[in-house]
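Asks: Line order of the protein sequences matches chains A and B. Residue numbering for the first sequence is 1 to 353, as defined by my numbering. Residue numbering for the second sequence is 1 to 353, as defined by my numbering.
Honestly, I wouldn't trust all of these hints.
Which stretches of chain B does chain A cover? Using the computed rule of at least three CB atoms under 8 Å from a CB of chain A, they are [as the list claims (entries may be wrong)]:
1. 122-134
2. 163-177
3. 319-325
Simulated crosslink set (DSS-like; lysine-lysine; CA at most 30 Å straight-line) [to be verified]:
4. B/Lys-118 to A/Lys-118
5. A/Lys-62 to A/Lys-251
6. B/Lys-251 to B/Lys-62
7. A/Lys-118 to B/Lys-261
8. A/Lys-261 to A/Lys-251
9. A/Lys-62 to A/Lys-118
10. B/Lys-118 to B/Lys-62
11. B/Lys-118 to A/Lys-261
12. B/Lys-261 to B/Lys-62
Please keep in mind that the hints were generated in silico from the structure rather than gathered at the bench. Because the structure is a prediction, the values reported are computed rather than measured. Built from N, CA and C at the ideal position, the CB exists for glycine as well.
2 protein chains.
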Amino acid sequence: MSAAPDVGTPSNLQDALDYCRQLVTPALRDAVHRLPAEIGEIAEFSFGWRDVDGTPREGGGKGLRLALAVLSAQIVGASPQSAVAGAVAVELIHAFSLVHDDIMDGDEQRRHRDAVWKAYGIGPAVLVGDGLLALALDSLARSAGAETRDAAMAAVSNALIELVNGQAQDLSFETRPWTGPRAVTVEEYSDMAGAKTGALLGCAAGLGALLGGAPTEVVVALDEMGRHLGLAFQAVDDLLGIWGDPAVTGKPVFNDLRQRKKTLPVISVLTGSSAASPRLLTLLDPDGRTPRSEQDLRAAAHLIDDAGGRDFTEASAERHVGRAREIISAVAVNHAAAFTLTELTAFAANRSH
Amino acid sequence: MSAAPDVGTPSNLQDALDYCRQLVTPALRDAVHRLPAEIGEIAEFSFGWRDVDGTPREGGGKGLRLALAVLSAQIVGASPQSAVAGAVAVELIHAFSLVHDDIMDGDEQRRHRDAVWKAYGIGPAVLVGDGLLALALDSLARSAGAETRDAAMAAVSNALIELVNGQAQDLSFETRPWTGPRAVTVEEYSDMAGAKTGALLGCAAGLGALLGGAPTEVVVALDEMGRHLGLAFQAVDDLLGIWGDPAVTGKPVFNDLRQRKKTLPVISVLTGSSAASPRLLTLLDPDGRTPRSEQDLRAAAHLIDDAGGRDFTEASAERHVGRAREIISAVAVNHAAAFTLTELTAFAANRSH
Chain A
1 MSAAPDVGTP SNLQDALDYC RQLVTPALRD AVHRLPAEIG EIAEFSFGWR DVDGTPREGG
61 GKGLRLALAV LSAQIVGASP QSAVAGAVAV ELIHAFSLVH DDIMDGDEQR RHRDAVWKAY
121 GIGPAVLVGD GLLALALDSL ARSAGAETRD AAMAAVSNAL IELVNGQAQD LSFETRPWTG
181 PRAVTVEEYS DMAGAKTGAL LGCAAGLGAL LGGAPTEVVV ALDEMGRHLG LAFQAVDDLL
241 GIWGDPAVTG KPVFNDLRQR KKTLPVISVL TGSSAASPRL LTLLDPDGRT PRSEQDLRAA
301 AHLIDDAGGR DFTEASAERH VGRAREIISA VAVNHAAAFT LTELTAFAAN RSH
Chain B
1 MSAAPDVGTP SNLQDALDYC RQLVTPALRD AVHRLPAEIG EIAEFSFGWR DVDGTPREGG
61 GKGLRLALAV LSAQIVGASP QSAVAGAVAV ELIHAFSLVH DDIMDGDEQR RHRDAVWKAY
121 GIGPAVLVGD GLLALALDSL ARSAGAETRD AAMAAVSNAL IELVNGQAQD LSFETRPWTG
181 PRAVTVEEYS DMAGAKTGAL LGCAAGLGAL LGGAPTEVVV ALDEMGRHLG LAFQAVDDLL
241 GIWGDPAVTG KPVFNDLRQR KKTLPVISVL TGSSAASPRL LTLLDPDGRT PRSEQDLRAA
301 AHLIDDAGGR DFTEASAERH VGRAREIISA VAVNHAAAFT LTELTAFAAN RSH
């Protein structure tokens with residue numbers, strides 16, 4: 001997968017993503033304008049709509065969640081417009097989680113720019129995250145469609161709980177050992193990724209179907225589809241975190257290895273019976289403190305690849321993409337939208353950033 | 001008011017507060033137990049249920065919001081049980097806001113103990129705040145009573161937006177001048193306090209009435225009642241922040257003056273035409289940096305008192321308590337509960353901590 005040349009975004013998909021973004025952005029901007037001026041500007045910065053000095057910019061981010069919501073409404077036969085309130089809510093929740101996660105993880109960069117806390121300070125970043133979350137709920141609470149609002153609020157509340165659980169698990173992994181009985185297992189890693197990344201993508205797709213009037217079993221199936229897409233997406237993130245091109249990802253080379261992050265390629269090798277484990281462990285983490293040379297990190301990346309960690313992770317991404325596609329086929333009413341959504345799953349698995 | 005001897009809590013009110021706390025705490029604890037272990041312990045610390053080392057404690061906090069919700073259900077003729085889901089939600093939101101506000105304000109102490117961020121670090125404090133908020137929404141979304149859930153979620157979402165607005169306004173006051181055209185006015189201060197403190201107390205009372213099955217106009221009236229109580233509560237907080245007994249408030253003497261906080265007693269003097277203003281300004285903030293001696297702070301407190309800032313703030317608290325009582329009289333069906341709620345307003349205005 002990531003070994004193949006980057007296929008880019010097919011023009012049909014790119015058109016669809018552009019369409020979804022253009023459909024949802026006005027409502028998203030209207031929502032953000034309801035924040036008080038002091039934090040509204042910071043919220044606009046977090047969406048990539050402005051620089052710190054106020055210069056307007058094109059928005060950043062892939063718009064994956066809003067597209068998932070809109071396409072999920074379409075594949076169940078509803079209008080794309082029916083999903084807008086849900087798309088706005090999930091994009092706001094995603095923005096909230098990025099702002100707060102960057103504080104917790106101490107990540108200084110996001111999409112080639114300063115993280116919000118780095119640009120504006122921790123206090124304002126905490127508050128703007130809270131504001132984005134409050135706005136997500138308030139937007140949904142104000143949305144038309146009283147008959148689906150209750151279920152929509154429940155879906156969003158549940159995704160939030162999962163997001164927090166996933167982040168708590170991820171943070172707890174930092175203090176766990178690489179090997180031995182307390183090492184993080186592949187199963188625990190999948191639980192974490194399912195909660196941290198899968199839940200909100202599942203919520204986006206499920207909300208699209210729900211607001212599009214689909215029956216409960218279709219809503220549940222598309223939620224599941226989004227979760228598989230999320231797990232595939234996270235697996236590819238893990239591949240890019242080791243083997244991604246820094247010029248494209250915007251992160252330093254071997255970034256996840258440098259930061260001692262417990263990601264799927266590493267965990268799958270270290271919790272397996274690979275003969276490479278002891279040597280890998282020495283390269284990754286001689287004593288939990290010493291900075292490693294780029295040469296050591298490069299050697300570690302090679303070892304992980306040789307020991308099958310890259311193949312394992314690529315296979316995991318492919319398996320989840322396959323499951324997502326099966327669900328799309330099973331529930332699709334609008335086959336043009338289903339084709340686009342299938343292309344989106346391929347893109348998520350083949351992306352280079 | 002604060003000049004009068006502290007009246008303590010009347011036994012009828014104390015019994016009622018104890019009853020409300022005992023009614024709501026099991027459901028609140030059940031909710032908190034649904035957080036993942038990593039942050040569940042921190043959440044329990046934030047409620048004062050345990051120390052950092054795990055020693056169990058009696059809960060801290062006044063339980064004002066949960067009591068407001070329960071008593072508001074009772075005064076409209078409903079059972080206290082009907083308000084429990086709402087009481088749990090508002091207590092969780094209150095806990096969320098305290099944890100995050102202490103980060104933003106850099107406050108190291110809360111209820112005579114370390115603030116959460118001080119005890120556990122900023123990252124975990126951000127996450128536990130997010131978790132408490134997610135839990136509030138999820139608890140309400142899971143609650144029985146589908147016919148009121150939609151309105152309850154809307155009320156909570158709206159209160160959250162106001163909380164964030166109020167905190168943003170409060171933070172923006174820090175960088176505003178004490179005097180001149182850009183000085184914070186009494187009206188701006190009231191807007192901020194209404195959003196930061198009033199909205200959640202209004203939400204607590206309104207939710208109690210809503211879940212108790214009251215008609216919309218009664219829900220709106222009790223929301224308004226809670227807002228007045230919140231404004232009275234904030235005014236008394238401002239009095240205690242200057243003239244409170246450190247042994248009782250748990251904060252240093254003249255704390256708000258020391259921290260250069262723009263509170264109602266000071267704002268009312270400096271934006272009025274008091275001859276004391278220039279001298280007060282010099283004592284409060286010679287250049288925005290220099291630490292002031294305790295003697296200077298004491299002199300400033302005297303000046304504010306002499307210039308009428310204390311009377312103005314006491315009168316404001318009394319006016320809001322009066323409005324709250326009028327509303328209670330107007331809507332009460334259960335007069336025993338109305339009597340207790342009236343005692344609660346008196347307690348809020350006469351408290352010493």
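Asks: Closer than 8 Å Cβ to Cβ for three or more residues is the test here. Does the segment 319-325 of chain B pass it with chain A?
Replies: violated (count 0)
Asks: So if I understand the rule, the pair passes when the alpha-carbon distance is 30 Å or less; does B/Lys-251 with B/Lys-62 pass?
Replies: The hint holds at about 16 Å.
Asks: Hey, B/Lys-118 versus B/Lys-62, does the alpha-carbon distance stay inside 30 Å?
Replies: holds, 22 Å
Asks: Given the hint that B/Lys-261 pairs with B/Lys-62, test it: the Cα-Cα distance must not exceed 30 Å.
Replies: Satisfied, since the Cα-Cα distance of roughly 24 Å is no more than 30 Å.
Asks: Need the status of pair A/Lys-118, B/Lys-261: alpha-carbon distance at most 30 Å?
Replies: Status holds; Cα separation ~26 Å.
Asks: Check whether the Cα positions of A/Lys-62 and A/Lys-118 lie no farther apart than 30 Å.
Replies: Measuring from Cα to Cα gives roughly 22 Å; hence the hint holds.
Asks: Against chain A, does the segment 122-134 of chain B show at least 3 residues with beta-carbon separation below 8 Å?
Replies: holds (count 10)
Asks: Count the residues of the segment 163-177 of chain B whose Cβ falls closer than 8 Å to any Cβ of chain A, and tell me whether that reaches three.
Replies: Result for this restraint: holds, n = 8.
Asks: Checking one constraint from the list: CA of B/Lys-118 to CA of A/Lys-261, max 30 Å. Satisfied?
Replies: Answer holds: B/Lys-118 to A/Lys-261 is near 26 Å, not above 30 Å.
Asks: Keeping to a limit of 30 Å between CA atoms, is the pair of B/Lys-118 and A/Lys-118 held or broken?
Replies: The given pair, whose Cα atoms are some 20 Å apart, holds under the 30 Å limit.
Asks: What's the verdict on A/Lys-62 and A/Lys-251, does the C-alpha distance respect the 30 Å limit or exceed it?
Replies: Roughly 16 Å separates the two Cα atoms, so the pair holds.
Asks: Are the Cα atoms of A/Lys-261 and A/Lys-251 separated by 30 Å or less?
Replies: Judged against 30 Å, a Cα distance of about 14 Å means the pair holds.
Consistency with the previously given hints fails for number 3 only.
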